[in-house]
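Participant: Based on the provided sequences and hints, a complete structural model is requested.
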Amino acid sequence: MTPAATEPHVYADLDVLRQTWSSKPGLFGWLSSINHQEIGRRYILTAFIFLLLGGFEALLMRLQLAKPENTFLSAGRYNQVFTLHGTTMMFLFAVPVMEGMGIYLVPLMVGTRNVAFPRLNAFGYWMYLAGGLFLYGCAFFNMVPDAGWFSYPPLSGPQFSPGKGVDAWAQMITFTEISALCVAVELVVTILRMRAPGMSLNRIPMFCWSMLVQSFMIIFAMPAVMIASTVFLLNDRTLGTHFVNPAEGGNPLLYQHVFWFFGHPEVYIIFLPALGMVSSILETHTRRQIFGYPALVLSLVGNGLIAFGLWVHHMFATGLPQIGEAYFTATSMMIAITSGVQIFCWLATLWSGRLRVTTAVHFVFGFIFIFVMGGMTGVMLASIPLDLQAHDTFFVVAHFHYVLIGGALFPLFGGFHYWFPKFTGRMIDERLGRLSFWLLFVGFNATFFPMHWLGMLGMTRRVYTYVPGLGWDRANMAATIGAFIILLGGLIFIANALRSRGSGARAENDPWEGSTLEWEAGSPPAPYNFPNLPVVTSRTALWTPVAERSIVVGLREDRREILISNVLDAEPHHRSVQPRPSLWPLLTAFGFSIGLAGSIFAFFWYYVASVLGMIGLIGWFWPNRPLEVDP
Amino acid sequence: TLFSLRRRHRSLPQETLERLHQASAGTEAKLRTAVAIATGITVLILFGLTVVSISVGKIVSASMAPAGSLTIEVTGAQWWWKIRYANDDPSRILQTANEIHIPVGQSIAIRGNSGDVIHSFWVPSLQGKRDLIPGQPTYEWLQADRPGEYRGQCAEFCGLQHAHMAFWVIAEPADRFNAWMDHQLEPAMEPADEQSRRGREVFLKAACVLCHAIRGTGAGAQIGPDLTHFGSRKTIAAGTLVNTKGNLAGWIADPQNIKPGTHMATVPIQPAEMQPLIDYLESLR
Amino acid sequence: MKRLIVLAIAAASLASAHDREPLRPHDLWLAWSLDPGIIIPLALTGLLYLRGATSVHGVSSKQRLYFWAGWFLLCIALLSPLHPLGEALFSAHMSQHELLMVVVAPLLVLARPLVALLWGLPFRWRRTLGQWSKRVAVQRSWRFFSHPMRAWWVHAAALWLWHIPRFFQATLDDGWIHSAQHVSFLGSALLFWWSLFYAYGKVRYGASVVYLFTTAVHTSILGALLTFASTVWYPAYVATTSAWGLTPLEDQQAGGLIMWIPAGLVYVIGGLFLFAEWLRESDRVVNRRSYARSGEYAA
Amino acid sequence: MSERRTLDVSGLPPYEISNQAPLFWGQVLMCLIEGTLLCMLIATYFYLRLGIDVWPGPGVHPPGLTLSSWALIPLVASCVGSYLASEAAKKDSRSGMLLGMGLNLSLAVIFLVLRALDWNSLNFTWASDAHGSIVWTILFLHSYDIVADILMTAVLIVIVASGRYGPRQRIGVHVDSVLWYFLVGIWIPLYGVVYWAPRLIGASR
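Protein chains in written order, with the working numbering: chain G, 1199 to 1829; chain R, 6 to 290; chain H, 5 to 303; chain L, 5 to 209.
Hint data in this document are derived by calculation from the structure and do not stem from the laboratory. Small disclaimer: the values here were computed from a predicted structure and weren't measured. A portion of the hints provided could be inaccurate.
[Said to hold, decoys possible] Quick look at which bits of chain G chain L covers, simulated, 3 or more residues with Cβ under 8 Å:
| hint | region |
| --- | --- |
| 1 | 1435–1441 |
| 2 | 1448–1461 |
| 3 | 1474–1483 |
| 4 | 1572–1578 |
| 5 | 1645–1657 |
Quick reminder that beta carbons are idealized off the backbone N, C-alpha and C, glycines included.
Facilitator: This is the structure:
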């Protein structure tokens, strides 16, 4: 850190601040860290490892499907692989990686020192890690789920899926849900109550808005999947309840309703943060304030609201009341309006700004192109007569990969390049970045575009092989080749990240001349983020000349003091002291994990989880020594 | 558009950032109009598509099989299809498997059910999907306007051999359909030669009868597909193999090799008995 | 202060017993209600507002628009053939209820007509009413129930309880119970919408969005239950729906769908409206703070 | 060294024990999560009801009204204890907190005993049929939450009684009360569903 003398506007004792906010040294410090940057980085890194695993599984599937009657994978193995692929990508990669970006960036963007509940944050990460290890650990001991990432009963029920694979799947959901819910709670409070003075609602950066809406969606959607996976499925399997057992009054469709009540919002939970990233990248790179800020915010909120009314469109084939078709189609179409507004606002921003083209912008263009295509097939699927043909075929596979890879992964990669200097303190190599973009872009389209065609020709999803002579051979081969181009692009992406992290050019605080507060912090930021908390006077905080902005003084530096502000206009309300690093979140997570993992074998382990968890929580909340008493 | 946009902006000289950060009020107003118009057009297009979609749905459901039409009960099972032609006259109820014959130009009612997990009944060229759900029947209808053979497949993941759960719909003119129906209603043909007679004995002696039925013989089990007119079907093992003697031999000898996980048991048959058995089954036309 | 209008509506609805004979399609357009028990209170409310709104200052033209739109739709809901149609079709009955709860109620709340209505009254009545409303007990209980969370519960309870088959069935058999149902639907909806808009001022619009959203979810779950039910909940409609080309089950599904989707859409629009107001308010407030006032970068 | 304009916040209170504290907000969000969970169970109850003609199944008695209704009295009354405790926490009155939490705890335990007696009198289990499954799940989850909050209150009593508490622990007392209000409030609709629904929508649909 540069000494205070060269930073003319620092009114803080940096040494004291650093000592107060740093994690403890050594392994103990690593395990007990509650710093949002460290935990955010851990989330992102762990999620990328799961992305590699999920991608590897995808390659296995593509190899198996490259030609008809292939015997590369057996039927059983293929079912396990696609189950793991879907589960990994949805629960262990896509949601956690967005959470990680949020945990890292939100406190910086709103101008505070940490998330609202730092220990909860650490606990959430450990639960996520434990969930991932649990699923793959079970797989290692041949308890591999094979009923799909959706695990519809009765197929996933006790009768048709003996063994422990599905139980492992169901309990893994609990781990990741707990983690996602923890993050949602702390981000909501961080964004609503810990913003820098002056950052009124209409000045919150778009990325923070997207994380806020996403967090609320998590709060309302994730309990549903816990009901579906734990209460319905796991209890039916291990305790003998009858929620989805038609023989005793249960109903398999109940599971589908509840699962999709979660499952549809889940798509937006993944996708909304990506929209926020696109807005951030575009604002900085077009060097103009993002066009249509209120419209963008409202369409995010609208997206979040409408997403909860669409779950039925995953169930058209189950035989819905005829009279409802018009309603269901109309609502499903409606979600296209909010997405359309976003796209138009970005185009307007591009049109009237002065664009600087970097790798991040490449990914944004790739996103717009792919996502618009995915949106169009989405509109097609909203039509019930069409959906009844395309449902559960490769057309749908193509559609949601266009929406999820195009709509979430490309912006994520763009954001990764954009914020790389902030994460690591080094610039990422542009040439390799563009190369990886083009490979990913071409490979993606080569892989997934033919799948539209395959679906039209009647190739259903989740088949481990197909008979020759149906006209599916060539398109499948093309898709497999495309998958390898994606692999190449991905490898270059990784190589670039590793290489730039070690030997890239040193990054300044604000290499892109960005508009939001994170660029005022160091690259990478000091443990306390800002020497003095900033004061915000406009929507594009950093583009306001320094002379027009104030900084906050008067927060104590010798303890972890933060500023709590009002929701509406971020008027400072009171100060608050945050807890110190602690091993208890890890221990609590460990206790819960042991119990939850054991519970797939016997109910008794829930009591173990409760007792260990309770002991952990008591330790967590026990008054510190020395006691923090205020004067 | 995007890439031309990109070029346009790259060629422009840099201006001072302060002037760029905030577009002028006039530009903003123009952009606002443009975005509003674009959104309006989107809404109109979506509205149009909704109307089109709904009217297509109406047209589709308008040709739904009227009450009293030919009703076929389709029951999904792990990994084959049980087909039952319903009839008020119990003697004209027909049970068969993996192949549906229908008369051309008539709307046929399908009543879907499942004996185990959720399957989905789908003939891409004739109709959309309908899930088959244990414990609650679902309804669908089919109509073929031209004679022909249409492939159908299970469209809901249903376990290990979901990939090998196909069937064929064969649409024929009404008279040929009726002839087929009458023929199918008859019990199995008496073996015509010594070889087939031996084959029937093999069948009835072996474990085959624990699962399969051949009307007119002692075999009446309902666990696996009904084989009364097996020889007349296009495929073996729910669309997995073409129905030839060679394929049948391979299938009986080692079903797990051809369709791993299938519930068809490997029944030990002496090599000398295999040929008669095959000849017998293939003679069941 | 809303209770006055609630009383007026109560009086209006009390007399709104359904006719005994179910409506047939060919009578549809002639089946306007001429029940004085409804017409008189409605007309009286209109007259009072007309008189009051001219004599009191500060009633904006927007408020007038809201009031008259709400009043007109209230008349439509209670006097038009929709009302007798609700005797024959569950879906029509549901449309009537939703009209009251998600269209009329928010419009009347936005119009804030109480002052104008008070001014429409003769002076002495106005003074008595004013004094009565200033009583501590009245003020307190109003404050208690107009808290958004309590209003949320009251509205939710009204909605779910009345859809219990035997209660709903009872409304069709007895005019008084039916009126009680309409009063509790409209009254609780007025309370609910009022609490969202005014209970805390604009500062809490964000919370209002959450209340609206959760209401949208629970009503859509009730609608979905009606839609996916395989049996008819309200046997009273079994005999009457076929005249309108619907099976009783289809009629019930249509009713459920109306509650689920169009009503849900109104909640979404209402939520976005509140959210936009919230943003606008934050802009106004923040520019009052000297340290945070935006200079040339005014948003 | 160029001067920068500053905003001094040293005059603001260093903590806040009220509904403005971040911990309160976190608790409210946790309650939203738990509330969503329990409301989904209510929806599940009715959905399962739709598919069955006789509810609860033949031979199953609907859960009894007597004990469950009497149990409401200590439950609702225990909120008074919570209220006293949270007001005392705001005023930093140790005896007040102890009194409030003690009252809350003892009434909650009485409720729990009544709940256990009532639960014990059910003539069906989770494995009897779908009705049994959902009723047991609702009772289990809610009781689990109640027990967890009782334990939390007990721990807070120990902390406060030992005198080793600061503002953070007082916020804890306040937030504990908020959680208790939620658990009491959410029980009202759950009680209606578990005990009244079989009577109101049981025999005829």
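Participant: With reference to the structure, classify each hint as holding or not holding.
Facilitator: Outcome of the hint check:
Coverage of a stretch by a chain is defined here by at least three residues with a beta carbon nearer than 8 Å to that chain's beta carbons; for the region 1435–1441 of chain G and chain L the count is 5, and the condition holds. Coverage of the region 1448–1461 of chain G by chain L holds. Counting CB-CB distances below 8 Å, 6 residues qualify, and the rule asks for three or more. Restraint check on the region 1474–1483 of chain G versus chain L: 0 residues with Cβ-Cβ distances below 8 Å, three needed, restraint violated. Residues of the region 1572–1578 of chain G with a Cβ under 8 Å from some Cβ of chain L number 0, which does not satisfy the need for three, so the listed coverage is violated.
Beta-carbon proximity to chain L at under 8 Å applies to 0 residues in the region 1645–1657 of chain G; the threshold of 3 is not reached and the given coverage is violated.
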